[in-house]
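Trainee: Spelled out from the first residue to the last, the chains are:
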Amino acid sequence: MSEIIRLRKGLDIKLQGVPSEEIVQLDSSETYALCPDSFTGIVPKVVVKENDNVLAGQALFVDKNVPQIKFVSPVSGQVLAINRGARRKVLSVVVKSDGKNESVKFPAKSVQSLSAKEILDSILEAGLFAFFRQRPYDVIANPNDTPREIFVSAFDSKPLAPCFEKVLEGRELEFQIGLSALSKIAHTNLGVCCCQKSPALTEAKNVDVYKFSGAHPAGNVGVQINHIKPVNKGDIVWTIAPQDVIMIGCLFNKGAVDFSRIITVAGSRISKPSYAKVIMGAQLSSIVTGSLALTQTEHTRVINGNVLTGAKAGLDDYLDVFANCVTAIPEGDDNNEFMGWIMPRFKMFSTSRASMGWLKGLFCKNGFDIDARVKGSERHMIMSGEYDKVFPMDIYPEYLVKAMITGNIDKMEAYGIYEVAPEDFALCEFVDSSKLELQRIVRESLDKLRAEMA
Amino acid sequence: MSLRNFLDKIKPDFEEGGKLHAFRSVYEGFESFLYVPNTTSKCGVNIHDGIDSKRIMIMVVIALCPALLFGMYNVGYQHFLLAGLDKSFWPMFWFGFLAVLPRIIVSYVVGLGIEFTVAQWKHEEIQEGFLVTGFIVPLIVPATCPLWILAIAVAFAVIFAKEIFGGTGMNFLNVALITRAFIFFAYPSVISGDQVWVVDHAICGLGTDAIDGCTAATVLGVASTQAAAPVFDMNMIWGLIPGSVGETSIIAIALGALLLLYTGIASWKTMLSVFVGGALVALLYNKCGPDNAMAAMPWWQHLVVGGFAFGAVFMATDPVTSARTETGKYIYGFLIGAMAITIRVMNPGYPEGMMLAILLMNCFAPLIDYCVVQRNVKKRANRVING
Chain A
1 MSEIIRLRKG LDIKLQGVPS EEIVQLDSSE TYALCPDSFT GIVPKVVVKE
51 NDNVLAGQAL FVDKNVPQIK FVSPVSGQVL AINRGARRKV LSVVVKSDGK
101 NESVKFPAKS VQSLSAKEIL DSILEAGLFA FFRQRPYDVI ANPNDTPREI
151 FVSAFDSKPL APCFEKVLEG RELEFQIGLS ALSKIAHTNL GVCCCQKSPA
201 LTEAKNVDVY KFSGAHPAGN VGVQINHIKP VNKGDIVWTI APQDVIMIGC
251 LFNKGAVDFS RIITVAGSRI SKPSYAKVIM GAQLSSIVTG SLALTQTEHT
301 RVINGNVLTG AKAGLDDYLD VFANCVTAIP EGDDNNEFMG WIMPRFKMFS
351 TSRASMGWLK GLFCKNGFDI DARVKGSERH MIMSGEYDKV FPMDIYPEYL
401 VKAMITGNID KMEAYGIYEV APEDFALCEF VDSSKLELQR IVRESLDKLR
451 AEMA
Chain B
1 MSLRNFLDKI KPDFEEGGKL HAFRSVYEGF ESFLYVPNTT SKCGVNIHDG
51 IDSKRIMIMV VIALCPALLF GMYNVGYQHF LLAGLDKSFW PMFWFGFLAV
101 LPRIIVSYVV GLGIEFTVAQ WKHEEIQEGF LVTGFIVPLI VPATCPLWIL
151 AIAVAFAVIF AKEIFGGTGM NFLNVALITR AFIFFAYPSV ISGDQVWVVD
201 HAICGLGTDA IDGCTAATVL GVASTQAAAP VFDMNMIWGL IPGSVGETSI
251 IAIALGALLL LYTGIASWKT MLSVFVGGAL VALLYNKCGP DNAMAAMPWW
301 QHLVVGGFAF GAVFMATDPV TSARTETGKY IYGFLIGAMA ITIRVMNPGY
351 PEGMMLAILL MNCFAPLIDY CVVQRNVKKR ANRVING
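Protein chains in written order, with my numbering: chain A, 1 to 454; chain B, 1 to 387.
Each hint should be verified, as a subset may be incorrect.
[To be verified] Here are the simulated BS3-like cross-link-like pairs (lysine-lysine), alpha carbons at most 27 Å apart as the crow flies: (1) B:K9 x A:K14; (2) B:K122 x A:K389; (3) A:K402 x B:K287; (4) A:K9 x B:K379; (5) B:K379 x A:K229; (6) B:K42 x A:K389; (7) B:K378 x A:K233; (8) A:K448 x B:K379; (9) A:K448 x B:K42.
[What the hints assert, rightly or not] Between beta-carbon pairs, the in silico distance windows are: (10) B:I251 x A:K272: 42 to 48 Å; (11) B:M170 x A:K166: 47 to 53 Å; (12) A:R6 x B:F6: 50 to 56 Å; (13) A:H299 x B:S88: 55 to 61 Å; (14) A:T295 x B:V384: 51 to 57 Å; (15) B:L367 x A:G170: 46 to 52 Å.
Simulated from the structure, these hints should not be mistaken for lab results. Predicted model only: the values in this text are computed from it and were never measured. Note that beta-carbon positions come from the ideal geometry of N, C-alpha and C, so glycine has one too.
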């Protein structure tokens, strides 16, 4: 066990609607869908037709450039629709569940006896490689690359995200098998929070365990990589979420993939926020229901994911495969705040002491009910040092963003674009008084750079 | 919500094709001034911090208020003192108020007029940066500054120091200081010497026209022309000395500084290092400087006279034109303090070194930042070489 890596920069946004410890068992959704847009950087090629019968684990589409990467159905049933948008872009492949949840069977294998190639082939065959992302560019990894290392962050520090120790209960063995499998592919590092006590995490075998302490974004894998061993130009590292490591473990342990996830359904507009067990790709209306229903449907924003990186969604949308939480907050579009630039704003969260919200943070432990208003208009970058306070990486975020805005690739490289992902800039975007859309800027720049380098 | 309804009702007139479309930027400016726009986030984060640039600018304006109010009083006080009149507080304040108010109005009307026009022309929103600039300008010129000169100077500064670079956030020189520098170099007689610091005529029946030989030099003016520096007295702290409207009272400036530091809007690193730089260099001149009154003036007295404190608190900390890296702020601030004292001591022709020091360092701020960021870049490059 190495020393604790303490991060002094960051920000924990305390939101209302913290999930209770209970795990709600939800009825299964009628339909499930996989959206190619969730898998950044791939070109989907649909390999099923409408009305085809599929099993859980059977490919719905593959990557046109690297066809070994399969994107598989999370449930068994019938392909209901292949939705396409402008220029026939595939928006989603919808599967109507038959309720049996039959899955493709694989032989259970002992990880110890397998070579790296055999493990990778098994993961590819089971359709689990789609959950590996790579730095640079924060896109779906390429199995033909040799990664320098693999990084797993065992905690999510974003607002209202599930506690991974709770998710892990009873699945410790599969998590360890998953880690062992990863360690065969490449040297694997596990980042844990200093408050996590589960031996499955702190004493995980075949991996290097690093302990982190500090506010969000300490749980972001990009921040952890930056502190463990930063990505240099030419390096490729893979990252994978801890719940997906469990899926890999399950594949080798039981010979079948379990596509269920434990997510949080939380936020001030959820009647009884708690954990829920769902199958990925479920329709949100099947999740936000019963005790997890919305308290109010009008002027409410349902978010497919967490408040920082998730996307605004409707109840007829489908749970993003990478999302580990569904959040509902007030939209705020019915709120006409009079002379907000001078009002004391006792109830509004702000990192700045120019408003009085910090008083509430001091005395009231319930957290804040933050709505989705931008609360200002976009400006050029005016204040300095705002991003630095919430960006615990050895990078000058302001300068990197300026290089991105001006499209200067040499400077982007020099300032460390290979080390970042849009999620690393989420807090910067939150605190930014100039209200720049930083995550969009970063995503577009990464895409542009990737296209240039191809 | 009748005001809201009214705004919604007249909004179509200002939109594309509406009969008042030429005033769209004005409408938007006032609408967002009255109500926080309730647009919600479209992409990226779903929640945002409550802070925005409007609130930041207003905080700076509030921080400037003590200096302005005291400055108004002091304008009256200096006039009544020189005229030998004995008056109570309010007549002196009203005199100063009436002397300064036209300068505030001219500064805002000219500056905001240009801002509105440019915003309309570029189809952009009005940016609130001039709220602060327009407030600072009347505070850093004498209360006697002719309005037409002020108007030309503000127009020059807003157009050539800000708008041509792209507006608030893109300028590299402090706009208020460019206004002052424009007057300083184009019309030196209205901003230097010993004739300009006290209003020499009655305003609306207050004060008197009968002031003979109106001379009242600033402390720095005296120090630059005479062999010995003026002896320190507490009025230099309270601010009851001749000078530009807002720069005289250390107490009023300190109140503003407290608000800026408490809210975190101004960087304590910049502010502190300006004072440290000024103090150290002044101390150096005290010990081994040239043989003149400026060099002999005690180091702590340098910090409280002239525009040093005002510049350190309100102008050096301007986030747009100052260094933007945290390390850079120390260097930038220190060099401003050092340069200001050096200009005062070495060049008696420019007794007020602060303006030139800040403008000079504005030019060097990007270089300072470049060096700081380049260290990070080198570290990254070495990582690749060393593996």
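Trainee: Which numbered hints are broken by the structure, listed smallest first?
Mentor: 1, 2, 3, 10 and 15
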